[in-house]
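Participant: Protein chains in written order, with my numbering: chain A, 1 to 346; chain B, 1 to 108; chain C, 1 to 589.
No lab work stands behind these hints: they were computed from the structure. Values in this document were obtained by computation on a predicted structure and should not be read as measured data. Backbone N, C-alpha and C fix where the C-beta goes; we use that ideal spot for every residue, glycine too. Hints are not guaranteed to be accurate.
Here are the simulated lysine to any residue pairs, SDA-like style, with alpha carbons at most 20 angstroms apart [as the list claims (entries may be wrong)]:
| hint | chain 1 | residue 1 | chain 2 | residue 2 |
| --- | --- | --- | --- | --- |
| 1 | B | Lys78 | C | Gly401 |
| 2 | A | Lys237 | C | Ala388 |
| 3 | A | Lys250 | C | Lys400 |
| 4 | A | Lys332 | A | Asn285 |
Computed footprint of chain B on chain A; a stretch qualifies when at least three of its residues, placed anywhere within it, have a C-beta under 8 angstroms from a C-beta of chain B [what the hints assert, rightly or not]:
| hint | region |
| --- | --- |
| 5 | 64-70 |
| 6 | 152-164 |
| 7 | 234-244 |
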Amino acid sequence: MSIIIIGAGPAGCEAAYRLAQSGEQVELIEKENETGGNLNNWYQLFPDRKSAKELNRLLRQNLNHPNIRVHLNCEPVKIIRENNSFSIDLNDGAQLQGEALLLTTGFRTFNARRKEEYGYGIYENVMTSVELENFLTNHQLQTSTGKKPERIGLIQCVGSRDEKICNFHCSKVCCITAVKQAVEIREILPDAEILCFYMDMRMFGPGYEELYREAQEKYNIRFIRGRLSEASENLSKQVMIKAEDTLVGKPIRMSLDLMILMVGMEPSEGTRQLATQLNLKLAPNGFLHTADPHYATNLTSTPGIFSAGCSTSPMNLTDTLTDARSAAIAIKEFLLSNRANTHKKH
Amino acid sequence: MNIWGFSISEARVINYDKNDKSIAAQLSKEVPDSNLCIGCGGCSATCTAGNLTDFNIRKLQMSIKRGETTEAARELHKCMLCGKCLTVCPRGVDTRKMILTLHKLLHN
Amino acid sequence: MYYDPFVLPFTLGLNILLIYLLARYTRWIRSFSKEEKRIIRKNIFTLKTWKAGKEVFLESLVHHKIYRTSPFLGYMHMCFGLGWFLLIVIGKIESLVYHTSLLNPPYFAIFFRFFHPAQETFPYSTTFAFLMDLVLLMILSGLTLAWIKRLYSKALGMKKTTRHRPFDLLILTVLWCIFPLRFLAESFTSGVRGGGHFLTHTAGDFFSRFLPIESLSYPAWWAYSSALGLFFLLLPFSRYMHIPTEIVCIFLKNWGIKQGRTFTTFSQFQLYSCSRCGICIDRCQLGNSLKITDTQPVYFLKALRHNTEHSVPTDNCLMCGRCEAACPVGISLNNLRLSQRKDGSRITKATYGYIPPITPPQAKIAYFAGCMGHLTPGIIQAMLTIFAKAKADYTFIDEKGGICCGRPLLLSGNQKAASVLRDKNNDLLNQSGASLLVTSCPICYKTFKEDYELNMPVMHHTEYIRLLLRQGHIQPHHSELRTIFHNPCELGRGSDVYAAPEEVLKAVSHKLPTVYDGRDSLCCGGSLANIHLTPLQRTQLSSDALKAYLTYHPDVLVTACPLCKKTFSKTETSVPVKDIAEVVAENLG
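All chains, full assembly: derive it from the sequences and hints.
Facilitator: This is the structure we're talking about:
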């Protein structure tokens, strides 16, 4: 029997490969027509600016392992648990049997329309960090009227750390993403003014603080400590923003040619649906609850069902891949003890 | 009288040891969510009064928490209680309740 | 002369009550302000008095408003109100027909069956006996419902009933004894001497089979009289003070006395008019969503009347007005609560001197988005689209940032500050030279209309859009969207604007009817009037309200208030929340 993994983003791919390497059969289910998940929408990765495509290619290549079967364009429609096995019906009619289930259903980005006061979907020159990646891939950035932007603002914590939309958690990666994106914008627009509005700069990973420093030192990115309260649009379609420059202690008003909203992470639809379907416990922030935050990060509230990556909390890629490997070990341990028990009974 | 050497200029420094922080303590008791402020400035940015005059609710409440109440007592009534700050605060501080409570505490 | 010592408790009780009421009401009415007295003098001899009389019949006796909550509940109250009234009136007529003297004492009619020798007939005596039995039966049936209500309130359409003070439970017991005692007294007498009709006569026959009714009938009359006397004596100190006070209150209201935001003598009348029926309890979302059970008007007014601690209930209210809309007595619950909120601000005329003058716009229509409107740019943009489509001559007066209308100050009790701000804004708006003020914010709208003295009419944008539709200035498509409407508290119940949004929404979408239409809309939980709830409680409130609306599975939940829209967007929802202006603008093509 095999191990069924739902979601072929970075976590799913990595876990599949590690389990395959250890000799297990893996069924990897992906609802899209390609693997990679959110990685497909990214241009370069922080902090080393590695090409997202490159990492994606590597992860995909690993899936050629003979022990892995990938089911693209597939979603589970029915999951039945019998004793020590899972039986899953896919929407393409296939039925899979597995000894363990791994959820790597990941995150979705926050719907910026919910922060109506920021004007996403209302003002022409407001876009999300995800949309910006697409522009970065094409190495060009212009306003809705086709002009070269002279002042660009990146707004942190959109959809994160915000009681007003009931997302209390920090999405962790937006701070460093903003720094990375600011640097990338600088490379496209050497003369533009690039400003980053933050509440706290959380540079938790290796090389992050260094990139932050570099952004100030080498790329002339300005950082303003203040949360955007609201925005409006003037006749020339500039975004007029209101914030407080809290380090000066005065309200600050300015016009931006382009405003980028650093959208946070929320549990994906798949994560939510499966949690309901499988009756899994959720953490207060809506992500999957894990048995222990230190040594059992891959165990859900149900034995035999495991989780990894951003279905359990916002993570950067480094942590996602590490978590996937850790899940592979946890599953392996589970299988071994299961098989030993079955053996004893016989 | 200090005739030699340097002394701390009281006007310049928050003298946390000396300052009376009883109002801060009472505020924290009556409006517990006021403790949640992280000073993002969303309130003061959106403030209807602050848009028209020198009035910074973030600073005033921070000062009170450090025991500096003079300015707050003088300035607080500029607030129109319109509730915009309440509607934007990412920490869910009930700013209106905080201001109403401060009115009461500062003038009693 | 018909007399027996057992009438004494009744007579004594009644006289003491009447003297007490007379003294109390006279004292209250004398302390009315000069202006109020002038209004009363002006209207007392007009049709308004007649109208008040009609209202007394419908409200105090028939209790027709309670029928809206539940027919059973209405019937129960009617049995006590109208039933008792008929018992007195028909009894009095019966006694007059028999005795033909107007001067027979009150107790004679009440205890007629005791004094009247059953064998003696008089004109229509059988009819009277029948009617009196019928009315008594009606009251007894009401009483049965009241018992059921105490035991199982849901049967009468109420999820919760009022928690009463021990004293009120005592007088309730006395009240409940009165009619069964009358029934017993009349039945026993009928069993001994004959008389009565289908109810008391039959019962008398029945009781005579196994009870020594000869020796029981006289004590029964004593007990009946004593119960009545005791009830009258206790009444002024109990919730039943509402029986006489509501009548006076209805007259005062019809003569034009109003409950403002301060506590006046008229407030006393309102306060004592509360019957503690508890209909407000089920209407209160603080109770339903958050299990807060001490703040509903019935408890707030109780605390206020008996002068017990009520600072938390005073503040812990959304002022959504759902209770007021359902109150069968029509008490101004919001204003009474406001009258208890403390004015804590220190304000001088110069306080808001920093507000800059408005540069007079050269346009006919002044558009005012309001403070909250600036947090919902979608609404502003929709309005600007509509203005442009209608080719309206308009100017956006608070485009660069507005001023507060003052209502939030008012809602938190700071009436003095509110008036300073209001005066300031009033002058500014009047100088603007516009001939129509359109606002998107129902909070601003209410105070502009009620408290400002503007030299131009003011419309909420729902009303303005309706005007444009009617005049054909905009012709939006009728979309296939299935919508439901959340009428904001301050717009619907607060400002009585129901028809305009209904008409507009029906013109642009397929509006689904809900139980929350009209006066029954919910509060979104964002209300600025509550200064006690925690943010988490507010979230719970709005998420519960949202869930209730979404049981209708609309494509869009439509509202007409920036604050409602923002509040509903707080919790993740599968259904978009839009302002009515946005729905109209989207269909302008």
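Participant: CA of lysine 250(A) to CA of lysine 400(C), is that 20 angstroms or under?
Facilitator: holds (18 angstroms)
Participant: Per the coverage rule (Cβ-Cβ under 8 angstroms, at least three residues), is the region 64-70 of chain A covered by chain B?
Facilitator: violated (count 0)
Participant: Does lysine 332(A) pair with asparagine 285(A) here, judged by a C-alpha cut-off of 20 angstroms?
Facilitator: violated (29 angstroms)
Participant: With the threshold set at 20 angstroms, check whether the alpha-carbon distance from lysine 78(B) to glycine 401(C) stays at or below it.
Facilitator: holds (16 angstroms)
Participant: Residue count check for the region 152-164 of chain A against chain B: does it reach three with CB-CB under 8 angstroms?
Facilitator: holds (count 5)
Participant: Could you grab the alpha-carbon distance between lysine 237(A) and alanine 388(C) and see if it respects the 20 angstroms cut-off?
Facilitator: holds (17 angstroms)
Participant: Closer than 8 angstroms, Cβ to Cβ, for at least three residues: run that test on the region 234-244 of chain A against chain B and report holds or violated.
Facilitator: Since 3 is at least three, the answer is holds.
This entry does not satisfy hints 4 and 5, going by the numbered hints stated previously.
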